[in-house]
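Can you build the whole structure from these sequences, using the hints too?
Here the protein sequences come in this chain order: A and B.
The numbering of the first sequence is the working numbering, which starts it at 1 and goes up by one.
The numbering of the second sequence is the working numbering, which starts it at 1 and goes up by one.
By construction, these hints were calculated from the structure, which means they are not laboratory data.
Keep in mind that a hint or two might mislead.
[Said to hold, decoys possible] Straight-line distance between alpha carbons at most 27 Å, and here's what the computed DSS-like set of lysine-lysine pairs gives:
1. 41/B <-> 71/A
2. 56/B <-> 41/B
3. 98/B <-> 65/A
4. 41/B <-> 57/A
5. 56/B <-> 71/A
6. 3/B <-> 65/A
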Amino acid sequence: EAQVTQNPRYLITVTGKKLTVTCSQNMNHEYMSWYRQDPGLGLRQIYYSMNVEVTDKGDVPEGYKVSRKEKRNFPLILESPSPNQTSLYFCASSLLGRRTGEGPNYGYTFGSGTRLTVV
Amino acid sequence: ELKVEQNPLFLSMQEGKNYTIYCNYSTTSDRLYWYRQDPGKSLESLFVLLSNGAVKQEGRLMASLDTKARLSTLHITAAVHDLSATYFCAVVIQGAQKLVFGQGTRLTINP
Chain A
1 EAQVTQNPRY LITVTGKKLT VTCSQNMNHE YMSWYRQDPG LGLRQIYYSM NVEVTDKGDV
61 PEGYKVSRKE KRNFPLILES PSPNQTSLYF CASSLLGRRT GEGPNYGYTF GSGTRLTVV
Chain B
1 ELKVEQNPLF LSMQEGKNYT IYCNYSTTSD RLYWYRQDPG KSLESLFVLL SNGAVKQEGR
61 LMASLDTKAR LSTLHITAAV HDLSATYFCA VVIQGAQKLV FGQGTRLTIN P
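As structure tokens, then:
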């Protein structure tokens, strides 16, 4: 099944303890992106990657790191989490370019989400 | 910078009624998506609109796009409780890949 897999689904951690949220896709998508979702703010982009070893900042990158060593994986790293990073996180992937049609080869596929609480 | 604004942010309606959610965006767009999100769940793609005048319908939901006005609408016909969810529009900047989201509209349909 074509999908984006995020782990873990839920995580409670303490301030300052490094953590990694994993994201993996099996659709050979070039583009991958991380979003955080907060009430009233919609989804905001944290980082994105256009392909292996190509990453760039989104709108809210402070306090986050990413890497793209393999095409399928795009982990989100919080080196020193703080309470203001408590949020719902989504990973998404897509093929590059403007494509029409339905299904995982078109549009953006989202992971199930990771609910992170930093205390 | 592309900004996407939805209106209203909260909508409570009775079953059987019709209503419209509006999505305005600030710069030229390549394509526009509508998503549905149930509480605690991921985003489910509803529609992708690619060109001016595009209209798509699925069941009681119909989405349209006016690129000149930079406006998309999601119309709900004869609402039923199962349509209760949060709806997001999201826009891709022309020539780019980034998906920019509106704030979301939380729709509650009461029996």
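Structure-based check of each hint:
1. 41/B <-> 71/A: holds, 25 Å
2. 56/B <-> 41/B: holds, 24 Å
3. 98/B <-> 65/A: Cα-Cα ~18 Å, so holds.
4. 41/B <-> 57/A: Holds, because 25 Å separates the two Cα atoms, which is no more than 27 Å.
5. 56/B <-> 71/A: Not satisfied, since the Cα-Cα distance of roughly 33 Å exceeds 27 Å.
6. 3/B <-> 65/A: holds, 25 Å
Hint compliance for this structure: hint 5 alone is broken.
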